[in-house]
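S.K.: What follows is each chain in one-letter form.
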Amino acid sequence: MRYIRSFVLFWWNFIVGDDWRVAAGLAVALGLTWATHAWWLLPLAVALLLAESVVRESRSSG
Amino acid sequence: MSSNVLLFVTTFFASAVEAVEALTIVLAVGVVRGWRSTLTGVGAAAVVLGAIVAALGPALRLIPIDTLRFVVGALLLAFGLQWLRKAILRASGYKPLHDEGAAFARERDAAGSASRVAAGQFDWYSFTVAFKGVLLEGLEVTFIVVTFGSTQGRLGLAAGAAAAAVVLVTAVGVAVRGPLERVPENSLKFVVGVLLTSFGIFWAGEGAGVHWPGSDLAILGIVGFLAAVSFALTRWLHRRRVALAPAGARA
Chain A
4 MRYIRSFVLF
14 WWNFIVGDDW
24 RVAAGLAVAL
34 GLTWATHAWW
44 LLPLAVALLL
54 AESVVRESRS
64 SG
Chain B
416 MSSNVLLFVT
426 TFFASAVEAV
436 EALTIVLAVG
446 VVRGWRSTLT
456 GVGAAAVVLG
466 AIVAALGPAL
476 RLIPIDTLRF
486 VVGALLLAFG
496 LQWLRKAILR
506 ASGYKPLHDE
516 GAAFARERDA
526 AGSASRVAAG
536 QFDWYSFTVA
546 FKGVLLEGLE
556 VTFIVVTFGS
566 TQGRLGLAAG
576 AAAAAVVLVT
586 AVGVAVRGPL
596 ERVPENSLKF
606 VVGVLLTSFG
616 IFWAGEGAGV
626 HWPGSDLAIL
636 GIVGFLAAVS
646 FALTRWLHRR
656 RVALAPAGAR
666 A
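Sequence order for the protein chains is A and B. The number in our numbering is simply the position in the first sequence, starting from 1, with 3 added. The number in our numbering is simply the position in the second sequence, starting from 1, with 415 added.
Careful: at least some of the hints might be erroneous.
What the hints assert, rightly or not - Computed beta-carbon distance windows for the label pairs:
1) I18/A to G629/B: 25 to 33 angstroms
2) G34/A to A520/B: 40 to 48 angstroms
3) Q536/B to V31/A: 36 to 44 angstroms
4) V31/A to G458/B: 42 to 50 angstroms
5) A643/B to Y6/A: 20 to 28 angstroms
6) G458/B to W43/A: 44 to 52 angstroms
7) I18/A to G449/B: 34 to 42 angstroms
8) G535/B to V31/A: 57 to 65 angstroms
Since the hints were derived computationally from the structure, they do not count as laboratory data. Here the structure is a predicted model, which is why all the values come from computation and not from measurement. All C-beta atoms in this analysis are idealised placements derived from N, C-alpha and C, irrespective of residue type, glycine included.
Please build the complete structure, drawing on both the sequences and the hints.
M.R.: This is how it looks when you write it as structure tokens:
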């Protein structure tokens, strides 16, 4: 049981990490890209998610 | 051509950063408790990591290329964004910088306070700490080597770049006989974060059916765009932190 928990935790940390909102936003952006094939969507979504995440973290820690 | 150069650079620097962290753990344990059991732990971890690359690399070639690129791109994107996010927060002063000297002192103190074994006996503490340290740091390198190598069809190049980084870091570590505090680890993580995330965007997009303007050259545009966004965010956050700091703290 302990090994299963460690395994799940490893993948959670690997994929989701400190900010689950970024991972959730990425999932939405990937789905929209799959549906529309728009090339600009993923770079723009990544830039916005990154900006929102670091600004939120800076406000909570500083 | 340009994507092969970027593949080599990304794998090399990502591996170098992880190798520096693994070296710190191995040095701290080896110096305090002896080298035989420590190096056995390093060797065992290297065998496990090599086996993962050897098993997963060919297995991933069986997956259709678009599916592979989408899954690998999505994973790289999630993974790379975490590196980049932390690098921006560190560079702008909202997170403490990673300090190899402090990490070395912590590991050395822990190794010194653990119970000792009689001379000549195998030291399981040293073996376990070295094995775990190298395996955990190496898993991220393995992930990058396998995903980059399989998606680009250049597993040998990716593995070679990782091996070159590990050999270089080990050689410098042996030469200076201490943790590599002067390696600009935080800057390297920033660069690697930009590169991993850019490749993630490119491959996930291709796998999802996107036709990039300029084909493979689009990767350079993505790297430039993401680097510009990351630098702008870092500068803005840094200025904001300085402006919000009390006058005494700014002096």
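S.K.: Which hints from the list above does the structure break, by number from lowest to highest?
M.R.: 3, 5
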